[in-house]
Amino acid sequence: MSTEVTEKETEAQTETEAESGESAHQSRRMEQKRQQASQRDLEEEARTEIDEAEQTIEVKVFRFDPEVAGKEEPRFDTFHVPFFKGMTVLDALIYARDHYDSSLTFRHSCRQAICGSDALFVNGRQRLGCKTQIADLEDHLNSTIRIEPLPHQEVVKDLVVDMEHFYDQMEAVEPFFDADELPDGDLEEQRQDRENREKIKMSTRCIWCGACMSSCNIAAGDNEYLGPAAINKAYRFAMDEREGEDRKQQRLNIIEQEHGVWRCQTQFSCTEVCPKDIPLTEHIQELKRESVKNNLKFW
Amino acid sequence: MYEHDVLVIGGGGAGLRAAIAAHEEGADVAIVTKLHPVRSHTGAAEGGINAALRDGDSWEDHAYDTMKGSDFLGDAPAIETFAKNAPEEVIQLEHWGMPFSREDDGRVSQRPFGGLSFPRTTYAGAETGHHLLHTMYEQVVKRGITVYDEWYVSRLAVTDHDDPEDRECHGVVAYDIKTGEIAGFQASGGVILATGGLGQAFDHTTNAVANTGDGPAMAYRAGVPVEDMEMIQFHPTTLPSTGVLISEGVRGEGGILYNDQGERLMFEYGYANNEGELASRDVVARAELTEVNEGRGIEDEYVHLDMRHLGEERILDRLENILHLAEDFEGVDGLEEPMPVKPGQHYAMGGLEVDEHGETCIDGLYAAGECACVSMHGANRLGGNALPELLVFGARAGWHAADRDLGEAQIGTGPSAKSEDEDVDTPVSPGAIDAGDEDVAADGALVEPTEVLDHHVTAEEQRVESLLEKDEGVNHAEVRADVQETMTQNVNVFREESNLKEALEDLRVARERYQDVYVRDPSRTFNTDLIHTIETRNIIDVAEAITLGALAREEFRGAHWRAEHQERKDDEWIKHTMLAWNDGNPDLYYKPVILEGEDKTYEPKERSY
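Residue numbers (the working numbering), protein chains in the order written: chain B, 1 to 299; chain X, 1 to 609.
In short, the hints are calculated from the structure, not lab data. As the structure is a prediction and not an experimental result, all values here were calculated from the model. Incorrect hints may have been included.
In silico lysine-lysine, DSS-like type, Cα no more than 30 angstroms apart, as pairs [as the list claims (entries may be wrong)]: (1) Lys288(B) to Lys142(X); (2) Lys605(X) to Lys84(X); (3) Lys293(B) to Lys201(B); (4) Lys60(B) to Lys470(X); (5) Lys60(B) to Lys178(X); (6) Lys142(X) to Lys199(B); (7) Lys418(X) to Lys605(X); (8) Lys201(B) to Lys248(B); (9) Lys84(X) to Lys470(X); (10) Lys288(B) to Lys199(B); (11) Lys501(X) to Lys600(X); (12) Lys248(B) to Lys142(X); (13) Lys293(B) to Lys142(X); (14) Lys84(X) to Lys142(X); (15) Lys569(X) to Lys600(X); (16) Lys142(X) to Lys201(B); (17) Lys293(B) to Lys248(B); (18) Lys178(X) to Lys418(X); (19) Lys142(X) to Lys178(X); (20) Lys418(X) to Lys569(X); (21) Lys418(X) to Lys501(X).
A short, non-exhaustive set of chain B residues, derived as facing chain X with CB atoms under 10 angstroms [as the list claims (entries may be wrong)]: (22) Asp158; (23) Gln190; (24) Arg191; (25) Glu282.
Glycine included, every Cβ here is placed at the ideal spot set by N, Cα and C.
With the sequences and hints as input, model every part of the structure.
Set out below in structure tokens:
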């Protein structure tokens with residue numbers, strides 16, 4: 001599923017290249033380089049450099065690039081990486097990239113589980129690469145660690161998936177605070193009960209990594225389903241007492257729509273994979289209850 | 001070609017605030033960022049946002065604490081503007097829905113932080129930056145501001161007048177990471193650089209991998225002087241294995257530092273007999289390393305930070321995120337054991353020279369946030385002052401770029417702000433920097449905006465093509481690792497002349513090796529190999545500016561400790577270190593620190609905690 005690549009994407013790429021106006025000479029050179037890139041025997045290379053390491057691990061990484069010969073067909077490359085205590089999946093990828101193949105492509109930035117850019121499919125489960133200790137993966141020294149892009153999202157290249165759809169769903173719930181009225185005086189804050197802050201606290205921790213959406217069977221089958229992250233975002237505002245009743249009503253209208261909360265079949269996969277431990281399924285259920293209550297009062 | 005009134009480069013806190021401000025003024029504004037805004041490093045800030053909100057506190061006290069914290073290297077007009085405007089910015093964030101931690105009466109909580117005379121740090125758990133970033137991005141979405149995410153700005157479109165003060169910025173050249181398209185972005189009003197930190201010049205840093213000093217390096221090469229680059233803050237509490245930050249909030253709430261003897265080192269060895277763990281960051285960072293150097297470190301590397309006595313309830317209420325970080329990245333349960341910590345590169349106090357309206361000496365080019373030096377942090381930034389800085393000065397840059405009249409600037413910029421003192425002591429030959437490719441157009445009288453853009457787009461296309469076409473050479477990662485290693489070895493908390501010179505040598509070697517750098521990945525699709533290669537050039541330039549500044553400043557002030565110069569030399573050194581690129585033969589010069597505020601002059605005093 002993570003290997004699906006549409007024809008369209010490949011064509012779009014070719015067009016961009018043509019537009020960029022490469023001369024015939026440049027095209028030839030680039031083509032040569034692309035050929036060379038595909039011919040390198042990475043496995044061989046990877047094996048020779050790590051003889052001295054006491055322990056090594058084997059990582060099998062999904063590779064795909066729509067414009068490089070040999071990588072147009074999805075494949076896996078295997079890298080042997082020296083293991084150290086405390087090593088994370090992201091560390092292993094960085095090692096492979098910096099020592100063996102600088103074209104190995106993945107997103108990462110903060111390395112501390114807050115930027116949300118390195119959600120990956122590791123040994124069959126959505127995880128943040130930076131937060132996943134290799135030692136915590138079962139039998140890591142004897143078996144291969146398999147690293148793939150997030151399933152159910154289109155692959156751009158190697159481990160990078162297209163996040164546009166995820167961002168669109170996040171924006172569909174009108175993810176911004178809208179108080180009915182602000183207190184008098186520029187320096188006067190809105191009061192918020194500690195309990196209310198506690199109630200929304202977990203929902204505000206979302207880092208938009210997309211792991212939940214990728215793990216959700218419903219989202220996989222229904223492209224329009226808002227998905228756990230977006231519904232959680234709606235929860236964050238709907239439950240914030242500083243917004244008024246009218247706004248809450250509008251928010252419930254959004255999440256009650258055909259592809260909203262009622263699609264959730266409480267499989268809990270989102271909650272299981274959330275790297276920030278947000279009780280996503282619970283939040284979705286609570287919004288279902290809210291919308292039932294909401295509708296009842298009009299009867 | 002893309003066209004907007006105002007372009008904001010960078011989608012972190014300063015960039016988002018600037019964009020919102022420019023939008024408020026009616027400008028058509030767009031954000032261009034190499035990440036997506038919610039991936040920005042502002043999200044990693046933990047501790048809080050300082051603002052004088054309560055009875056018993058005042059902006060004047062906040063300004064004084066900031067000036068003292070800066071070790072009297074901050075400029076009073078900037079610091080006063082900052083302290084006056086911080087409260088309304090914080091309350092505005094609250095009005096935008098930011099989930100601050102709350103007191104029993106429902107108002108936002110404040111807690112003590114290092115170097116503050118009042119507990120004026122507002123916070124949202126130990127993940128304040130995350131909430132600030134997301135709250136502001138929500139407001140950007142609400143306003144429908146255009147965001148070009150995963151577009152890497154690699155060059156500024158600046159005219160080629162000889163004098164940088166005559167130059168104009170008409171836009172930027174950016175590379176679409178997803179497709180490889182190189183495009184010009186024209187800005188009729190102004191370009192605001194909000195590209196954040198440069199921590200990747202060091203190998204033990206709290207900074208994200210994306211923090212490669214792109215803004216400072218690009219603008220420096222285009223003619224904007226960099227200011228006080230030697231002033232690098234090393235945070236006292238980072239996890240030894242990764243550099244992950246453990247918030248100052250831990251010490252703010254009462255966390256204690258112990259050495260391997262179980263001694264409370266801050267008091268036991270007299271590093272800060274009054275404030276103890278809450279002395280300012282430079283003091284605590286040196287204390288910890290002194291313990292390690294004198295053999296009282298744990299595993300010869302770190303000390304312990306203990307918060308167990310605070311109790312589970314308080315820790316979960318205010319520092320929960322710290323428990324997760326310690327567990328996930330060091331395998332330590334903060335409720336049961338002390339956490340290992342050591343100093344790590346954290347923040348650049350220096351940066352692009354700007355006035356208090358955020359403008360550089362180049363017309364139409366602004367900078368805000370960590371990439372800028374306004375200067376309010378001077379030689380040492382107080383914890384909790386970075387987030388309000390990016391709010392206050394991000395907003396001002398946005399307003400000004402969108403044409404709001406902010407009055408005459410009191411802080412001078414550019415070569416004409418040079419110190420009148422002709423007798424400038426330059427202990428190093430700044431020729432250490434070889435000119436590489438030029439970021440300013442150089443074929444004469446290029447002033448028409450579209451021509452300037454076209455010229456720079458062509459230049460950038462050539463650079464990218466030559467990097468991609470080359471078949472073999474040096475991998476940028478090797479060069480980058482060498483730079484990071486020498487900076488951490490030689491330009492760290494403790495600095496010695498011989499080490500600084502060694503670092504300059506190593507950086508020169510890195511620059512030479514960079515001439516042979518090549519990009520192995522031939523693809524135009526999401527080519528991170530190419531992006532990292534371009535970033536590495538920026539890292540070399542900022543690393544060199546840091547090192548040159550450190551060698552030039554022969555005194556001990558704030559975060560800048562020099563083995564040979566163990567005192568603060570107020571007579572000679574209450575001045576900013578300036579470095580101007582000058583076609584690759586940098587001019588080192590100075591400009592006076594402004595100690596005169598609106599109603600008072602800040603008299604330098606001995607800084608004791």
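To see whether the hints hold, each was checked on the structure:
1. Lys288(B) to Lys142(X): Holds, at roughly 25 angstroms.
2. Lys605(X) to Lys84(X): Since the Cα atoms of lysine 605(X) and lysine 84(X) sit roughly 23 angstroms apart, the hinted pair holds (cutoff 30 angstroms).
3. Lys293(B) to Lys201(B): 23 angstroms, holds
4. Lys60(B) to Lys470(X): Holds, at roughly 29 angstroms.
5. Lys60(B) to Lys178(X): 24 angstroms, holds
6. Lys142(X) to Lys199(B): It holds: about 24 angstroms lies between the C-alpha atoms, which stays within 30 angstroms.
7. Lys418(X) to Lys605(X): Holds, at about 25 angstroms.
8. Lys201(B) to Lys248(B): Roughly 18 angstroms between the alpha carbons, so the hint for lysine 201(B) and lysine 248(B) holds.
9. Lys84(X) to Lys470(X): Given pair lysine 84(X), lysine 470(X) is violated - Cα atoms ~54 angstroms apart, limit 30 angstroms.
10. Lys288(B) to Lys199(B): Roughly 16 angstroms separates the two Cα atoms, so the pair holds.
11. Lys501(X) to Lys600(X): 40 angstroms, violated
12. Lys248(B) to Lys142(X): Within the cut-off at roughly 17 angstroms; holds.
13. Lys293(B) to Lys142(X): Holds, at about 28 angstroms.
14. Lys84(X) to Lys142(X): 27 angstroms, holds
15. Lys569(X) to Lys600(X): 22 angstroms, holds
16. Lys142(X) to Lys201(B): 22 angstroms, holds
17. Lys293(B) to Lys248(B): Roughly 12 angstroms separates the two Cα atoms, so the pair holds.
18. Lys178(X) to Lys418(X): Outside the cut-off at roughly 43 angstroms; violated.
19. Lys142(X) to Lys178(X): 25 angstroms, holds
20. Lys418(X) to Lys569(X): 20 angstroms, holds
21. Lys418(X) to Lys501(X): Holds, at roughly 26 angstroms.
22. Asp158: OK, holds: aspartate 158(B) within 10 angstroms of chain X, min 8 angstroms.
23. Gln190: It holds, given that the least Cβ distance between glutamine 190(B) and chain X is near 6 angstroms, below 10 angstroms.
24. Arg191: Holds - the Cβ of arginine 191(B) comes within 10 angstroms of chain X, reaching about 3 angstroms at its closest.
25. Glu282: 18 angstroms, violated
Hint compliance for this structure: hints 9, 11, 18 and 25 are broken, all remaining hints hold.
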